[in-house]
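If you want the building blocks of each chain, they are given just below.
2 protein chains.
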Amino acid sequence: MTASIVDRIISRDLRAIARAISKIENDAPDASEILKALFAHTGKGVTIGITGAPGAGKSSLVDKLAMHYRAQRKTVGIIAVDPSSPFSGGAILGDRIRMQTLANDPGVYIRSMATRGNLGGLARATVDAVAVLDAAGYDRTLVETVGVGQDEVDIVKTADVSVVVLVPGMGDDIQAIKAGIMEIGDIFVINKAERDGVERTERELISLLEMSERSDGWHPLIVRTIATQNKGIEQFAEAIDSYAAFRKDQKTSLERFAGVAENRIIELLRERLLRRVLNESLAPGELRELALAVATRQRDPYSIVEEIIGKVQIENRHG
Amino acid sequence: MTASIVDRIISRDLRAIARAISKIENDAPDASEILKALFAHTGKGVTIGITGAPGAGKSSLVDKLAMHYRAQRKTVGIIAVDPSSPFSGGAILGDRIRMQTLANDPGVYIRSMATRGNLGGLARATVDAVAVLDAAGYDRTLVETVGVGQDEVDIVKTADVSVVVLVPGMGDDIQAIKAGIMEIGDIFVINKAERDGVERTERELISLLEMSERSDGWHPLIVRTIATQNKGIEQFAEAIDSYAAFRKDQKTSLERFAGVAENRIIELLRERLLRRVLNESLAPGELRELALAVATRQRDPYSIVEEIIGKVQIENRHG
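Here the protein sequences line up with chains A and B, keeping their order. Take 176 as the starting number for the first sequence in our numbering and just add one per residue. Take 176 as the starting number for the second sequence in our numbering and just add one per residue.
The set of hints was computed from the structure by calculation and includes no laboratory data. No false leads were slipped in.
Which copy is meant is left open, so a pair is good if it fits within one copy or across any two.
Within a straight-line C-alpha distance of at most 35 Å, the following computed DSBU-like cross-link-like pairs (lysine-lysine) qualify:
1) LYS406 / LYS423
2) LYS219 / LYS423
3) LYS219 / LYS486
4) LYS219 / LYS406
5) LYS249 / LYS211
6) LYS211 / LYS198
7) LYS198 / LYS249
8) LYS486 / LYS198
9) LYS211 / LYS486
10) LYS219 / LYS198
11) LYS423 / LYS249
Start from the sequences, fold in the hints, and give me the full structure.
The following block contains the structure:
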């Protein structure tokens, strides 16, 4: 059963891919087995993470980049991540109408992912979904985020190439965000480059970049685009290729891979640990009772957590 | 020692408050003891969480609201949360110059908090910092976020009153975000209300709100402000008071308190569990070695996590 879905994913069976990603989203019992089996088939494609302020035109940029790759006969996976909808669980981007040409192209796979309540794990689920597309042999997987929070940063920094999209002439808050995500950008795109203020934004960006030096010696590239007019897309794709090539050559990139892998292990561990401890240390409904005790101020949350953690025994590291 | 810092916090000693929040940020060993002791003193003030798209003018709004409270002789705590800076660890907002009158006012305490690497916990740390200010007797604690990601939503939804700030005439992505955070807004502020498109934004907001019904029966209020001109601030404060009053009366609010408490327990548990398991199940440097094995594709992260989790024993729930 697991073997057959794994084989079908590797031969890029769209239904098997969709089912595997749904299993990942729902944390189905066999998701982990599938991912283990797929792991040996990953690492061939290039994953490109794209983040930036809302309104920066990330979707158009992703669509046009995907079309560019298709013109080169590369297959493309697109994952649109929307962590902004904590309650409804609906992936807003799923409803957004992507370019018709993309949606009907068998060489393109589009999927949206949203957050799913308390136990979190969107970053983990997204990374796992990327692994499925990578194992399925998509040449390029584009991961597009809606917002610019910690989740998105976590997701984008696990990509092979991280892209930050800006637009000319945004306000102070955007400048703050720029400073915050500077460190994850391998490539900076100034989209809507027909707008006033493009020179100033580029100058500010250059001076921000000059202030920080990367440990791998890469100097982030800046590309101007007007996605809606399909301008600058080729240069954008070239910038991506040149960073991907640089990374392959780098000794230091092992450092970065290891950092990504460490995050991955921690993310997986955090989620599974919590689930196991909640399931095994508490009776059904007990968490709610404890929460009610806190809400009515009969108990404090700190001692409750200490009590639960007190039930956990960990085998000695030398054991 | 713990007793003395607790006493000093309760008598609003600024240095003790600052030290306690630093302990929380650094997860110092005695932070949990301090919080346990403070818990009985919390729940008196009103916490107001404020989120919204970058550029919506949240800082100005928070500053003007704080000045309004000061004119009523209420004491005010302000926590500015900036999860967008994963690497530098620096709180960008700490450097931002808040209004001079606020910064020099002994009745106002301002603190910024940023994220601190892999183990996460910004939401937990922020909630704990709010608890310190609440125990210190601040009448109103304002929690302001920079972005609109999951972290920010998690933080804002734990507040007594959740405020979402919009501005007229933003693009499609903003509309998506609006839909995503609709459910957490008790009050919606349309700031920069002098701008074109304010009517349209309000109409859209009303129709979005009409589509969803809240379980507590509250109809979210909409307030127009021009924070930079100090316009609409009084109405904003009145809206906050009326929701806070509504909440106090509600039977259903116990439901919400319990939900908040449950999140709180889960957050605390998640973080402490992960830390304990990493510390106790792995030898120093072992995580890095495992990460390197994944990076060089000798091992897959899923089996590593299974191995670590296999070392964890949980006492039976009936034990």
